[in-house]
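Could you build the full structure based on these sequences and the hints that come with them?
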Amino acid sequence: SQKIEQNSEALNIQEGKTATLTCNYTNYSPAYLQWYRQDPGRGPVFLLLIRENEKEKRKERLKVTFDTTLKQSLFHITASQPADSATYLCALGRGYGQNFVFGPGTRLSVLP
Amino acid sequence: DAGVIQSPRHEVTEMGQEVTLRCKPISGHNSLFWYRQTMMRGLELLIYFNNNVPIDDSGMPEDRFSAKMPNASFSTLKIQPSEPRDSAVYFCASRPGGQGQGYTFGSGTRLTVV
Numbered sequence: 001s002q003k004i005e006q007n008s009e010a011l012n013i014q015e016g017k018t019a020t021l022t023c024n025y026t027n028y029s030p031a032y033l034q035w036y037r038q039d040p041g042r043g044p045v046f047l048l049l050i051r052e053n054e055k056e057k058r059k060e061r062l063k064v065t066f067d068t069t070l071k072q073s074l075f076h077i078t079a080s081q082p083a084d085s086a087t088y089l090c091a092l093g094r095g096y097g098q099n100f101v102f103g104p105g106t107r108l109s110v111l112p
Numbered sequence: 001d002a003g004v005i006q007s008p009r010h011e012v013t014e015m016g017q018e019v020t021l022r023c024k025p026i027s028g029h030n031s032l033f034w035y036r037q038t039m040m041r042g043l044e045l046l047i048y049f050n051n052n053v054p055i056d057d058s059g060m061p062e063d064r065f066s067a068k069m070p071n072a073s074f075s076t077l078k079i080q081p082s083e084p085r086d087s088a089v090y091f092c093a094s095r096p097g098g099q100g101q102g103y104t105f106g107s108g109t110r111l112t113v114v
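As given, the protein sequences belong to chains P and C, one line each in that order. Take the first sequence: its letter number 106 is residue 106 in my numbering, and every next letter is one higher. Take the second sequence: its letter number 94 is residue 94 in my numbering, and every next letter is one higher.
Rather than coming from a laboratory, the hints here were simulated on the basis of the structure. Treat the hints with caution; some may be incorrect.
[As the list claims (entries may be wrong)] Straight-line distance between alpha carbons at most 35 angstroms, and here's what the computed DSBU-like set of lysine-lysine pairs gives:
no., chain 1, residue 1, chain 2, residue 2
1, C, K24, P, K59
2, P, K17, P, K63
3, P, K3, C, K78
4, C, K24, P, K3
5, P, K57, P, K17
6, C, K24, P, K63
7, P, K57, C, K24
8, P, K3, C, K68
9, P, K3, P, K63
10, P, K59, P, K71
11, P, K55, P, K3
12, C, K24, C, K68
[Said to hold, decoys possible] Only some residues are given here: those of chain C computed to face chain P with a beta carbon under 8 angstroms:
no., residue
13, G42
14, D56
15, F74
[Stated by the list, open to error] Estimated spans, in silico, between C-beta atoms of each pair:
no., chain 1, residue 1, chain 2, residue 2, range
16, C, P81, P, E54, 46 to 52 angstroms
17, P, K55, C, A72, 21 to 27 angstroms
18, C, P70, P, R61, 40 to 46 angstroms
19, P, Q14, C, M39, 23 to 29 angstroms
Only a predicted model underlies this, so the values are computations on that prediction, with no experimental measurement involved. Just so it is clear, CB atoms sit at the ideal spot from N, CA and C, and this is done for glycine as well.
Printed below as a string of structure tokens:
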């Protein structure tokens with residue numbers, strides 16, 4: 001069955017550094033991959049979507065890569081700030097009209 | 001736009017009682033999703049609708065769960081009878097039809113069955 005793993009449950013980094021989160025998947029061939037941010041007590045918030053034929057996408061301080069050979073996506077936050085502290089979820093989908101399956105999430109803490 | 005609206009925000013009920021969760025998607029979004037989130041299992045899809053029609057309900061745990069979408073602006077998720085293991089946060093999300101768009105989630109309903 002398909003499986004999605006995110007690098008670790010929790011990641012602590014120092015303010016100003018680049019945070020790198022990993023999303024790995026097996027037994028799946030997604031056409032789309034999304035990243036979401038979730039704060040405690042809130043619903044996930046959509047950040048970025050990348051397609052299988054795109055290698056990289058950027059939005060402000062965020063950068064996402066998608067390597068279908070390695071079956072991996074990397075999510076980078078540059079110049080991280082304490083306000084970036086949250087749980088980040090990746091989600092994979094095969095077809096746009098279909099459901100996306102979510103990974104377990106990584107809790108990022110940016111320390112001042 | 002008020003976003004995806006879910007009610008109630010919190011629900012505490014006794015085992016065996018019926019629970020109804022409500023969702024109003026964003027106007028113009030043609031897909032609606034019900035998810036359940038727990039610490040152990042993460043975010044799990046229960047059911048989703050396209051244009052008010054249920055497409056995939058394979059995530060609905062058992063016959064105690066049912067979902068309806070009578071029109072484009074309203075959906076319900078019902079649990080009858082409820083059990084303690086149903087305790088979780090239930091999210092509703094909607095999405096427009098165009099590509100390149102993610103889901104917009106509601107704030108969720110925290111359900112506690114005692």
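Now for the hints, and whether the structure bears them out:
1. K24/C x K59/P: Given pair K24/C, K59/P holds - Cα atoms ~29 angstroms apart, limit 35 angstroms.
2. K17/P x K63/P: At roughly 14 angstroms apart (the allowed maximum being 35 angstroms), K63/P and K17/P satisfy the hint.
3. K3/P x K78/C: Status holds; Cα separation ~29 angstroms.
4. K24/C x K3/P: holds (31 angstroms)
5. K57/P x K17/P: holds (20 angstroms)
6. K24/C x K63/P: holds (32 angstroms)
7. K57/P x K24/C: Holds, at about 31 angstroms.
8. K3/P x K68/C: holds (29 angstroms)
9. K3/P x K63/P: holds (23 angstroms)
10. K59/P x K71/P: holds (22 angstroms)
11. K55/P x K3/P: holds (22 angstroms)
12. K24/C x K68/C: Cα-Cα ~12 angstroms, so holds.
13. G42: With a closest approach of 5 angstroms, the G42/C hint holds.
14. D56: OK, holds: D56/C within 8 angstroms of chain P, min 6 angstroms.
15. F74: Status violated, d = 18 angstroms.
16. P81/C x E54/P: 46 to 52 angstroms: The hinted range 46 to 52 angstroms holds for P81/C and E54/P, with Cβ atoms some 47 angstroms apart.
17. K55/P x A72/C: 21 to 27 angstroms: violated (37 angstroms)
18. P70/C x R61/P: 40 to 46 angstroms: Given about 43 angstroms between the Cβ atoms, the range holds.
19. Q14/P x M39/C: 23 to 29 angstroms: holds (27 angstroms)
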